[in-house]
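A.B. asks: Below, each chain spelled out in residue letters.
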Amino acid sequence: MKLTLHVWRQPDSRANGAFATYTATDISPDMSFLEMLDVVNERLVAAGERPIAFDHDCREGICGSCGMMINGVAHGPARATATCQLHMRRFADGAVIWIEPWRARAFPVVRDLVVDRGALDRIVASGGFISVNTGSAPEANSLPVPKQNADDAMDAAACIGCGACVAACPNGSASLFTAAKVAHLGLLPHGQPERLRRAVRMVAQMDAEGFGHCTLFGECQEACPKEISIDTIARLNRDFLRATVARPAERTVGGTG
Amino acid sequence: MELRSRIPSGPIERKWEKHRFEMKLVNPANKRRYTVIVVGTGLAGGAAAATLSELGYSVKAFCFQDSPRRAHSIAAQGGINAAKNYQNDGDSVYRLFYDTVKCGDFRAREGNVYRLAELSVRIIDHCVAQGVPFAREYGGLLANRSFGGAQVSRTFYARGQTGQQLLLGCYQALEKEVMKGGVRMFPRTEMLDVIVANGKARGIVVRDMVTGQIESHIADAVILATGGYGNVFYLSTNAKGSNATAIWRAYRRGAAFANPCFTQIHPTCIPVSGDYQSKLTLMSESLRNDGRVWVPKRSGDDRLPQGIPEPERDYYLERKYPSFGNLSPRDIASRAAKEVCDEGRGVGPGGRGVYLDFSDAIKRLGRDRVEERYGNLFEMYERITDENPYETPMRIYPAVHYTMGGLWVDYNLMSTIPGLHVIGEANFSDHGANRLGASALMQGLADGYFVVPLTIGDYLAAYKPEPIGNDHPDVRATIAAVRERTTRLMSVRGKRSSTAFHRELGKVMWEYCGMARSTEGLRAALHIIPELRAEFWRDLRVPGTGEELNQELERAGRVADFLELAELMCIDALHREESCGGHFRVEHQTPDGEALRHDDAFAYVAAWEFAGDGKDPILNKEPLVFENVALATRSYK
Chain U
222 MKLTLHVWRQ PDSRANGAFA TYTATDISPD MSFLEMLDVV NERLVAAGER PIAFDHDCRE
282 GICGSCGMMI NGVAHGPARA TATCQLHMRR FADGAVIWIE PWRARAFPVV RDLVVDRGAL
342 DRIVASGGFI SVNTGSAPEA NSLPVPKQNA DDAMDAAACI GCGACVAACP NGSASLFTAA
402 KVAHLGLLPH GQPERLRRAV RMVAQMDAEG FGHCTLFGEC QEACPKEISI DTIARLNRDF
462 LRATVARPAE RTVGGTG
Chain F
-2 MELRSRIPSG PIERKWEKHR FEMKLVNPAN KRRYTVIVVG TGLAGGAAAA TLSELGYSVK
58 AFCFQDSPRR AHSIAAQGGI NAAKNYQNDG DSVYRLFYDT VKCGDFRARE GNVYRLAELS
118 VRIIDHCVAQ GVPFAREYGG LLANRSFGGA QVSRTFYARG QTGQQLLLGC YQALEKEVMK
178 GGVRMFPRTE MLDVIVANGK ARGIVVRDMV TGQIESHIAD AVILATGGYG NVFYLSTNAK
238 GSNATAIWRA YRRGAAFANP CFTQIHPTCI PVSGDYQSKL TLMSESLRND GRVWVPKRSG
298 DDRLPQGIPE PERDYYLERK YPSFGNLSPR DIASRAAKEV CDEGRGVGPG GRGVYLDFSD
358 AIKRLGRDRV EERYGNLFEM YERITDENPY ETPMRIYPAV HYTMGGLWVD YNLMSTIPGL
418 HVIGEANFSD HGANRLGASA LMQGLADGYF VVPLTIGDYL AAYKPEPIGN DHPDVRATIA
478 AVRERTTRLM SVRGKRSSTA FHRELGKVMW EYCGMARSTE GLRAALHIIP ELRAEFWRDL
538 RVPGTGEELN QELERAGRVA DFLELAELMC IDALHREESC GGHFRVEHQT PDGEALRHDD
598 AFAYVAAWEF AGDGKDPILN KEPLVFENVA LATRSYK
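Chains U and F, in that order, are what the protein sequence lines are. If you read the first sequence in our numbering, its first letter stands for residue 222, the second for the next number, and so on. If you read the second sequence in our numbering, its first letter stands for residue -2, the second for the next number, and so on.
Relax, there's no trap hidden among the hints.
Far from chain U, by Cβ distances over 10 Å, these chain F residues were calculated:
(1) Tyr318
(2) Gly503
(3) Gly590
(4) Gly609
Capping the alpha-carbon separation at 27 Å, the derived lysine-lysine pairs in DSS-like fashion look like this:
(5) Lys492/F - Lys223/U
(6) Lys223/U - Lys237/F
(7) Lys12/F - Lys28/F
(8) Lys335/F - Lys504/F
(9) Lys28/F - Lys15/F
(10) Lys360/F - Lys368/U
(11) Lys504/F - Lys237/F
(12) Lys335/F - Lys634/F
(13) Lys612/F - Lys504/F
Hints were generated in silico from the structure; no laboratory data involved. Glycine residues also receive a C-beta, built at the ideal position from the N, C-alpha and C atoms.
In isolation and in its complexed conformation, chain F is listed as follows:
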């Protein structure tokens, strides 16, 4: 497999401009003749569908939720970065670029990251014009807050509901285009395969989730904006429906999967409370602006937090990382929490938790100011835990939150299948081995509003339309494969629900492919996962039929794909003999326990190619070249 990244030559600040000029254009009158399918209606997909329709393309958009407004982007709390430098604190496009490359532990492409930083300012302009009610100062201008991994204040926010407000902006733009007739929207419709005909992505096969009908949709290009695969861990901050089926099916049809082991564990989530737990709830990282993280100095200290005097508390982030303190990047803060809990100093039931304490902030700012900044988060915390964070410190623990890995794409965001574009969290391109806080919203919107609507034109301008119908052999074969698989899921008729298998898989992944990974553990996981998968296909139970709304069937299909993807994640984690960002191999650490990269051997993107069931995937390498940022050891001390 050839990996052509197509990064334009020339100085980094001119690459995107040069590329925009060099790309071929589609005549405005011809655009409506092209149909583009967009799967997923979160920030990336919603933005792409709306913008492509504004440009004149015929768009078909799909989501599994009952409305495009419910995609999981909606749950992002903290904010969106942009290099506006409104605070006059030394920010610039170059600094956002630099922070992102450094935070990603030098495993992202410079060219993509620079473009992202460059587009960040236009995103804010556009969202404000759409009516996104960002927080403002008394003078009427936009407010900013700080976020982990940065020393400038560049994060724009709408209370603790930034994702919701940005997504509603996107959704409203999408509905505006639905009304104009440029977008046809298919809610409650799940993509189950991609149609590759004559070597090009030409459509998708979907299941109507209400009637169970399986049908094909043909197009000239396909965009996957289906989000990340964090739910492979069962418990994560992802929505219950978030799944990897679309990207996994594309992988099986020839799209390379890049850096699958790069997952982000978010440091501030509400700890697990019991076996019935169905998901984990994130507490925005912005809380670390004013909350101080600590545990008791002595292990086994079970006094109430208020009863532990100041000298007996260990503010370990402030101690270990004095210059970034409580705002250390996510991977570092998460690992530090795990470390203190492993030492027996964790708090709360089971000892898997650390305190996030606002008492100093309340003293300094007053309760009203704290409430204004974080009121809705405090309420959510209290609702879930029945504890009042104004009076007793929050308990937090890391949880799976985001996946930096995803389908491999070139600078045009096209995968290794011609015509199949992948945007947002579903691709791998911009965050390297660890994502900077408040950058996921930025990337989704940059890809959707500003990148893919242009680059898809370059693909379509050079593409010779070959009309194909539902009777084309590749279309028929794909539909048959989907039908066969659905029938197979329904006909196991075993005893265990897909949720039971999913929960078990999640435990294996959290244990062996979570915050700390070892050769031994990963080998164990690679032994357990195939057995669990075999067990799944022997003992799965899906009640009902395939020709009705059947949520058990939907879940079973997604879990079946997670059971395959999990194995690839472990293979990738085992092969990457270094620690970088969210990927921490215990064998590769500095004497003081920090991640130890091996740039000589691993400064590449690992793009895995499907070789067939039961065969080892093929590793392809895209070397990473750093022309602007010198490779250095990340330090937040």
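Next comes chain U alone, as it looks inside the complex:
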């Protein structure tokens, strides 16, 4: 296969970027998209040029490192597929491909196709967990969980934190990411004690990071490589609403000991 690539090149977060055009020849349809970029990069290195920087690691679609806009679509044309699992047989010989980094205010470009997704970690740190210290857990089977709930929790927990939902959203919202975590933990009995507080805190952090609001476009679930449903956003909204209406003020007073 022979392809024409227009790739976003940007030396660092402060510099201006621009598209550069490359011709990729001798591309096998069995290559993954990233293997195609590897080939382009090896040729750039051989020519003494700087290769295209992009994040990647497991190349099995599970670590969430990779991600780029391919012809304007997050992770490219294949449904439910991360960039590393996209194969060149999806493209026609002679295709022209535009490759850009995730575009979102909360994801500054670090270099070329690499962006800073640290904001997602900070959303999790604000409340996306169950507070249980090592060693304090009761016997695992002491609390049965209906299979349906466990399965639904697993569906939400499948999020790989790639950020495609943010990149696909016209508002640059991280609602699907946040909602997936709120739904995962909120569906399990172990996650109930912190359920409302979790929703409030995570939403507050999402706002503080500069992500936009959700207006239910639904682009996020189309882009999600793990097919996380926007039903999770309904759960998030319900928890958030309940929390703002019904949540008692947090008590910070300690015991008497």
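Given the structure of chain U, go ahead and fit chain F onto it with the hints provided.
C.D. replies: Then chain F, alone, in the frame of chain U:
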């Protein structure tokens, strides 16, 4: 070098309890005064960092990825073992211990393995409480599946994403501690050396991968949780970034490297499709629960699999190992696949593949049940190969997956450098010469949640803090060494990329230090590797500068270390004149082609000590004592 394993005396089931009592404690109020560095945020590192912070220590955690959630533990598919005996099928802590020692071909320490089996049950309790969505039965209780190398069903799983879910549990615990202020997290930061000052590990030198800045971090103890070195083979199931630099740099500073030749080749991976191939993808071993492995009986039979009638198929695992069949341990299943392919009976392009066939399972269980169990794996397979495994059998071939070898540690998981602890795949301790399936997650979490947070207290309680700053001569010298090396990599200005060298090294290692090893082959490798290394330092090309995000520079540093480690692996493989587990020396096999151990001469851990560049490493031996499990020939027939 003295190797003190510090295995507690007494009956095996009391050792850990006794040791916990005998270890010194750090006063809760004093813990925050100690800084502990954790390098790597996979299951072992993430668990350790979170737990140490919960205990009150000041923790600094480092990872090279952009987020701690992306460590390669995330890619583990199949499951995690625990001796819960929920299935009432005769499992127990002792049986998990026994299975692990046997599967490791009697080259692991009994004391460590028993502790691992004992802690396995608490791991499940903890992970469930964290919200890990393990598979459940309709009654709401936890489900189990079977795995290779065991006849009980003790593997807990979260679809085909068990590693991901366990790691997210760990990561969330870590972020909880980040929020509380107990952990400072440094993503996109790569450790390039360990600082040994006055004989103790006192910190690390890192490179900020965004700015290129090289700086030191000082601490009271250092924990390496940086994973295995399978990427020395270039093609492996490891993530592209997985590397050996942290443990290799520690080795060069005085940490012994144990059993480097013990590598695990996983039997069920998607075969190589072309030269451009950047990595191999594992198909979970759990598939062998319902898939049947076969090749045509006749060599050169190139009919489509559906066209080969039943009597002309060779279900070779079921034939050779009737009691374990398709669930034979990994080393045995891998070698058997290589054997049939060497006989010319392999399938697919290049003849390096065997079928993993689900048609019987689909007939028996129905497509829906099969889809429920393995749907995501089937999808992944189809995405990569463009073949539908519901209709045509999968093609699989062995690939490098895990390294049992690693830095030598004592019972407290401390290396031969005082204060330098090594946990998870990065150490050597629990799996002997072959790892039992679904035990890597268990070991990472046992080390991180339950072992090192206690044993590090024992070290710190006896340790006299000596404040050192960045101007300490040992700190300055280490920083200077790292800077010098980076400059050296940038200034070769040759013609070939580090990837080209890495690919070449991988071919040599796969050929000579892979599934079957011989004196002749290993000698050839020991001749080729130093030449390739010299060529690397003559002809490497790294574009750009060291003061920016430079992925070529990152790769070059890692490949430079692989080029050294590869040689040690071959030296170790050549010295171990026996076959055991994943280490198969063609000179040492039984008449029917099974591994032949030599317990009289090789029942020891080979701990190699760095002697300086250009000098042969020094072999130190830790004898292995088996008081509970009688040394026997492994049989899965």
